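Model the full structure from these sequences, guided by the hints.
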Amino acid sequence: MMYCKLFALLIASCGAFVARSPLPAIAPRRCAARAAPTAAADVAVVLLAGGVGSRMKADRPKQRVARRPRLPPPRSHADVRRFLELAGKPVLYHSLDLFLGLEGVSSLVLVINEQYRGEFAPYAADGRVTFADPGAERQDSVRSGLDACPADAALVCIHDAARPLVTPEEIFKVIGDARDHGAAVLGVPVKATVKESDDGEFVLRTVDRSRLWEVHTPQVIKPALLREGFDKVAKEGLEVTDDVSIIEQLGLPVKLTLGEYTNLKVTTPDDMVVATQILDQRAAAAAN
Numbered sequence: 001m002m003y004c005k006l007f008a009l010l011i012a013s014c015g016a017f018v019a020r021s022p023l024p025a026i027a028p029r030r031c032a033a034r035a036a037p038t039a040a041a042d043v044a045v046v047l048l049a050g051g052v053g054s055r056m057k058a059d060r061p062k063q064r065v066a067r068r069p070r071l072p073p074p075r076s077h078a079d080v081r082r083f084l085e086l087a088g089k090p091v092l093y094h095s096l097d098l099f100l101g102l103e104g105v106s107s108l109v110l111v112i113n114e115q116y117r118g119e120f121a122p123y124a125a126d127g128r129v130t131f132a133d134p135g136a137e138r139q140d141s142v143r144s145g146l147d148a149c150p151a152d153a154a155l156v157c158i159h160d161a162a163r164p165l166v167t168p169e170e171i172f173k174v175i176g177d178a179r180d181h182g183a184a185v186l187g188v189p190v191k192a193t194v195k196e197s198d199d200g201e202f203v204l205r206t207v208d209r210s211r212l213w214e215v216h217t218p219q220v221i222k223p224a225l226l227r228e229g230f231d232k233v234a235k236e237g238l239e240v241t242d243d244v245s246i247i248e249q250l251g252l253p254v255k256l257t258l259g260e261y262t263n264l265k266v267t268t269p270d271d272m273v274v275a276t277q278i279l280d281q282r283a284a285a286a287a288n
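Just so it is clear: in the sequence shown, position 40 is 40 by the numbering used here, and no numbers are missing.
Keep in mind that the hints were calculated from the coordinates and are not lab data.
Since the model is a prediction, treat every value here as computed from it, not as a measurement.
Hints may be right or wrong, so weigh each one.
Below are the DSBU-like pairs computed for lysine-lysine, each with C-alpha atoms no more than 30 Å apart in a straight line [what the hints assert, rightly or not]:
| # | residue 1 | residue 2 |
| --- | --- | --- |
| 1 | Lys191 | Lys265 |
| 2 | Lys265 | Lys222 |
| 3 | Lys222 | Lys235 |
| 4 | Lys191 | Lys232 |
| 5 | Lys222 | Lys195 |
| 6 | Lys235 | Lys255 |
| 7 | Lys265 | Lys255 |
| 8 | Lys235 | Lys195 |
| 9 | Lys89 | Lys265 |
| 10 | Lys195 | Lys265 |
| 11 | Lys255 | Lys191 |
| 12 | Lys222 | Lys232 |
| 13 | Lys255 | Lys232 |
This is the structure we're talking about:
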């Protein structure tokens, strides 16, 4: 409970913040208050939803943890409500609805096991939505999603479906930075004091946090660079823990795009409580 209270204070202090940076060539389709600029639809989204939620104490993807015994594949949005919900709908639906509601998105590849795809039939009816198989590691899942993207996509926007709280403003900024620099990643400066240990028992040293960033998603990359990076990773047998690390292996720059601390990753039951509080506060702010 202390964890939740601390996050509640965080939300109260930063929830009113809204990015004021000029928007790149992409805007929310369903936002009546903001006119959509004229721009080519050239952003391919890869939405990763293949992870198993072990920290959620589940044997299914954490974005879709069952709340009741398994039923036949759902035929409507209401049927899917048996899965873990955030603000009235499954966690994965938040990212699907957000990205499919953005002008400029030419395609969305949902990386998820084939056995679960029937639950997303309403989304598959959108001609931009396709599916890809997850791999053994994150980099394998990203490569699978990349291979399913249209050849003419100017940017690939990779997002973890376990981060349902990313805002349109964050997406606008990181896409704009990727257009300018080739690769960009959302992140926030580390606030906590960080200790390094070589044995897990005693402190080796205190790390200078002024140079440390916690990276989030989306991570946006020009597809030619990403493919070149994957070739290098495969040739040299490298393992990478996030998407822009592939670009780092090429020795190329990656732009850090300042995001929001509320873009948390939902990996534990406590995270669901905090995420609900964040969405409740956003709803209250919008109503006012």
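**Message:** Hint check: Lys222 vs Lys232, CA-CA at most 30 Å. Holds or violated?
**Reply:** holds, 16 Å
**Asked** CA of Lys255 to CA of Lys191, is that 30 Å or under?
**Response** holds, 20 Å
**Asked** Is Lys191 close enough to Lys265, meaning Cα to Cα at most 30 Å?
**Response** Holds: Lys191 and Lys265 sit about 17 Å apart, inside 30 Å.
**Message:** For Lys195 and Lys265, compute the direct alpha-carbon distance and say whether it is at most 30 Å.
**Reply:** holds, 22 Å
**Prompt:** Taking only the CA atoms, is the gap from Lys191 to Lys232 under or equal to 30 Å?
**Reply:** violated, 34 Å
**Request:** Mind checking the alpha carbons of Lys265 and Lys222 for me, to see if they're no more than 30 Å apart?
**Result:** holds, 24 Å
**Prompt:** Is Lys222 within 30 Å of Lys195, Cα to Cα?
**Reply:** This hinted pair is violated, its Cα atoms lying about 35 Å apart.
**Item:** Straight-line alpha-carbon gap Lys255 to Lys232, limit 30 Å
**Value:** The hint holds at about 21 Å.
**Message:** What's the verdict on Lys89 and Lys265, does the C-alpha distance respect the 30 Å limit or exceed it?
**Reply:** holds, 17 Å
**Item:** Satisfaction of hint between Lys255 and Lys265, Cα-Cα up to 30 Å
**Value:** holds, 21 Å
**Request:** Would you check the hint for Lys235 and Lys255, treating anything up to 30 Å between C-alpha atoms as holding?
**Result:** Between Lys235 and Lys255 the Cα gap is close to 25 Å, so the pair holds against 30 Å.
**Asked** Given the proposed pairing of Lys222 with Lys235, does the C-alpha separation stay at or below 30 Å?
**Response** holds, 20 Å
Hint compliance for this structure: hints 4, 5 and 8 are broken, all remaining hints hold.
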